[in-house]
Amino acid sequence: MQEILDQLFVLLKAWLVGFFPLPWQPLVSILISVAALILVFALLFAVATILERKGLGRIQNRYGPNRVGPCGFFQPIADGLKMLIKEDIVPSGADRVVHFLAPIALVAPVLLAFSVLPYGRNMAPIDLDAGIVVFFAVGAGTELAVFMAGWSSRNKYSLLGAMRAIAQMISYEVPLILSSVTVIMIVGSLRPIQIVEAQAGYQGWLPAWHVFTPWGLAGFLLFAIAATAESNRSPFDMPEGESEIVAGYFVEYSGFKFALFFMGEYFGMFAISGLAITLFLGGWHAPLPFLEKSIPSYVWFFVKLFGFIAMFIWLRGTLPRLRVDQLMNFAWKFVLPMTLLNILAAGLWRFLPAGATRWLVCLVILLGAFLALGRSMVARRKWSPRKYRFAE
Amino acid sequence: MTPLHQYLFLSALLFGVGLAGALTRRNAIIVLIGIELMLNAANLNFIAFWRFSRHPELATGLMFVLFSIGIAAAEAAVGLALIIAIYRHYRTANLDQFDSMKG
Amino acid sequence: MDPVFAFLALLTTAGAVAAVSLRNLVHCALCLVVAFAGLAALYLQLNAQFIGFAQILVYVGAVAILIVFAILLTRGSEPGNQPILSSSWQAGLGVAVLVLGALGVAVASSFVRYYPVSPAPQPTVRELGEQLMTNYVLPLEVIGLLLTAAMIGAVIIAMHEKQGPR
Amino acid sequence: MLGEGIIKGMTETARNFFGSYIDSDRLVTVQYPEQRLPLKENTRNFPFLVHDGDDPEKGLRCVACKICEKECPPQCIFIVLERDEKGKPQKHPKVFDLDISVCMSCQICVEVCPFDAIKMDTEFELSHDDRFRGLLLDKKQLAKPNHYYHKIHPVEAAEVDERLAAEKAKAEAKAKAAAAPKPAAGPAAATAGKPAAPRQPVPA
Amino acid sequence: MNATIELEATGKKSNFEILPKVTPAGEISGEFLEVSMGPHHPSTHGVFRMDVTLDGERVVKLKPVFGYLHRNHEKIAEGTAYLASMPYTDRLDYFCSMTNNWAYALAVEKLAGLQVPERAEYIRVITAELTRLQNHACLCGFLLQDMGALGTPLMYAFREREKILDLFEALSGSRMMCNYMRFGGCRVDLSPGWIEETKRVVENFPRFLDEFERLLSENEILIARTQGVGVLPAPLAINASITGPMLRASGVNYDLRKADKYGIYERFQFRVPLGDHGDVYDRYMVRVLEMRESLKILQAALRDIPPGPISDPKAKVRNFRPKAGEAYGRIEAPKGELGFYLISDGSPNPYRYRVRPPSLINLTILEDMCLGHIIPDVVVILGSVDIVLGEVDR
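Chains as they are written, first to last, in this note's numbering: chain A, 7 to 398; chain B, 234 to 336; chain C, 104 to 269; chain D, 280 to 483; chain E, 17 to 410.
To be clear, the hints were calculated from the coordinates, so they are not data collected in a lab.
All values derive from a computational prediction rather than experimental measurement.
Mixed in with the good hints, there may be bad ones.
Covered by chain E, per the in silico footprint, the following chain A stretches (three or more residues, Cβ under 8 Å) [claimed, not checked]:
no.	region
1	42-55
2	108-120
3	234-244
4	250-258
5	382-390
Glycine included, C-beta positions come from ideal geometry on N, C-alpha and C.
Work out the full structure: start from the sequences and follow the hints.
As structure tokens, this is what we get:
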């Protein structure tokens, strides 16, 4: 029974595909996967927006949207309707074709990135040998879309925002890739499914996820930092930076085009969270051995995904934004050296005998590097809390 | 399956287009774009020959393309840096005006 | 002709032609991206999966962005009504047509027209990596050195002469 | 250590997140149209005219002395004195218009009124789709009975009534003492010229 | 990076003001970009414009442009009675109407020689310090909002401000446009229970301050964004006649509550926090520490407030004609020295009426603080100045 529940969607798809003649079957199978992906993630987008707004509201001691539907949960529908019927404004000096294509060019690659993630046992839409590379390749496509949007709007703020966004995305792509290289090194494969399978099993109660190793934890944290920057979320949301450059590259977008940008950003966030889950958090594996069989695998994937979304919301509700040059400094002078050292640590981990020694060696390298780099970042500018004097 | 010579024709066409662009346009950046196109045409040839070779497991063509992509990235970076440096000096990216040897 | 190939070939060629012929430089760069993406799809069709995605990663993600930045950095003060073709464009076009003709004739007359279609190879990334680390380790190191040198060189060339980088 | 302050801040927001479910002191929002906060005794919004009795036309305390019109800082009050056929002033406003799109709720008209005729209302749901006529209140819209005044400002209204009653009694006594050559002038004459006394301090 | 745009496709002229950057030797070495921030930019705290000239993203010139909210306040006041200007002063710095009222009442009292009863003085101190609390709390929230903290600190500040505004409503009938002070006293007495309610708010306020400080004061991002940014050296601050927390953050011990001892401030024990660096972080922290000192004053004032009349019986509401003369009344408003200068010619209207708005005068130094910083810093520096456009433009 639990087996069937676990494989429910796989069986469902096989059953549906079975209605078609044999030569059509591969195509139909892909189409079903595509439809399912778009449906699931569009729904997740709606849920994530309402969760974000309500969560932020609670963090700020407000209710958040609570008027449309039960507890305000139909708010995304109302928002979507509003976006659809809003006037689509194109600035008079804009490059109309590029202005039109930019939101599409943003959303399409992100949807492609969804296709390589394994969502559950036997539930990867496409099983590619170079799956992780695909992910980063399509991620590179979004940079161009951002440039198209910023450049075509003929607005200083949007151009500044696009420039910032591209600079930021390129800078953080390097640590993003380098921090996932550790996992690829250890597993010895770029196949997402194989990476997930490598994290199966338990050591006592502790699952064999990469995040429970020193290099994995460091890699995960660095990956999370880079992912936050890559998906333009607070505290790295300079490209939008509404208090500085108004809204960045999509200042001049309205109506459904704006909604597409919004959606693209959320999809990017989901995709990169999905990758982090695949690489470090054991993909669709359950956190505890006895839950492995009783709860379907895809549930675990989405539970972890929601955990990520909650984390992003929490960060957004707490932190102010970094400055654009500090962001670059942080990328090149802290995150990048840390990822490089992390690769070293992962290599040592691979070749040292299992036991306390390799734990100790890895921990010393990583903690030492963290303390030294952190100290040097702060000390150079003399950043510290201050004491104040008082006049009576 | 598309036969090999069609890939080769396409590659020749791309090479021609790139060459025409590199030789006829005034803007240094378009010239660079033309060069990139020619490089890519060559890459397509490598891949096509690898695909139709008797020993694809040797992966020689793939390796060549991999290295060529790496070199292309370096070439683009240096080329564009040169263009920007020249632009700073002459205030133009127009090749016809880079006619002085004096710095 | 295979329809998928025809479509990709058309897309790539159109992108390439537009990239070298449009007046607006940013449009040129964007069309170049189309050509690169078409080529990547062609690589995928030729079973070179890793190379295809690397092509997108490097060309679309890096080279195109570099070109776009260079365009924005160099187009500040140029009037928009200058001729786009160089003074010696007839000669250049002639050379290009000659080369294209020669290549076309060479391909058309060579034996590759009758080359048999071999079964699709399935190179795994792992095999590529092993090749890189065994047979091609020297080229790999040289490429690494070259990239480092290029990076340093590019930074030095593009740096402001008097005031250092920020 | 780098990141310490950030973690501190994160715990603080987490505390607020969960606290907003438990602690009503944190979640102070009131769901407005369904839930309303009780209005404070002193709350003021726009002025209204008090009338005694049930007839808003006859019972108006206003005598059209135009002091409020003169003292109003943004000049949002417009008064025309009623005159009978012979042109004799009637101590009654013929027109009393108040433009609440101009009024800034400063309460100075209330302070300067010697007759306790104009008071501050607490009604704030005044939105209107006609932005010129809809926000220009005339005499009929402004006139509200004394018991309404008692309802919105109970303490203040009680004081005013007490004072008015005392003054009336005093005036009547005075009129009686003067052997009444003419009928009692009523509260209007008795209190004319006297500035509205500040209310008696309430011990805190 | 130079932001330029390609507009050949449309055939239209660029609306980007790009100026050549000329080295001392006369060579063109780059380009300047002029960006007009405001008047509808989201973080200019109202309708305020800064014409910024950028080298890359670095500010080389900044021209503040204001007057979009000019309401002719001073001239209107010269045409109306003394009392009728009181509600207009509410609208100067619409965050702190109580202190505005007080400053104006102080000037008129000096002019007319009115005595303020003891109880009214206490009420004035209490309301002014409450105003300072809510103004500083909100300013810190706005500052963090400008840094992109998505309103969380601002919402916490507003939660506390709400309680103080409720107190003001119970006292004066209005939450923001209090119009509460009168010449020679206050308009109405405290309503029953108001003191207890205020005591409760004051008791709970430190909890909010602790929360606020835990949330922010050690936050690495906040420190990185504010320390060393927008430094205002003390001599410059004095020369530019900067007042208020901005001046004290630069290390100058100048607080009118101590220096002028207006009202009954000499009765209270409180300290004046001083910064040593004069940067945005000091301005932020000085305000946080000032809130703690204000709480001390409030506790003492709420404890000691005596019963008695609240208004000078000599003060008239109508036909108020101070004798000819001039007077300058000033107080330490939350934003700095707020002064009213009045000349009377014996008529019911002031002959001359002049406001010394701290926001405007503190804003004059903006360019000096911003030069060499980048756009995100400009926004933060502007946020740390603490302006309200109602007061800047008047």
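For each hint, the structure was consulted:
| no. | hint | in the structure |
| --- | --- | --- |
| 1 | 42-55 | violated (count 0) |
| 2 | 108-120 | violated (count 0) |
| 3 | 234-244 | holds (count 4) |
| 4 | 250-258 | holds (count 3) |
| 5 | 382-390 | holds (count 5) |
Hints 1, 2 from the earlier list are contradicted by this structure; the remaining hints agree with it.
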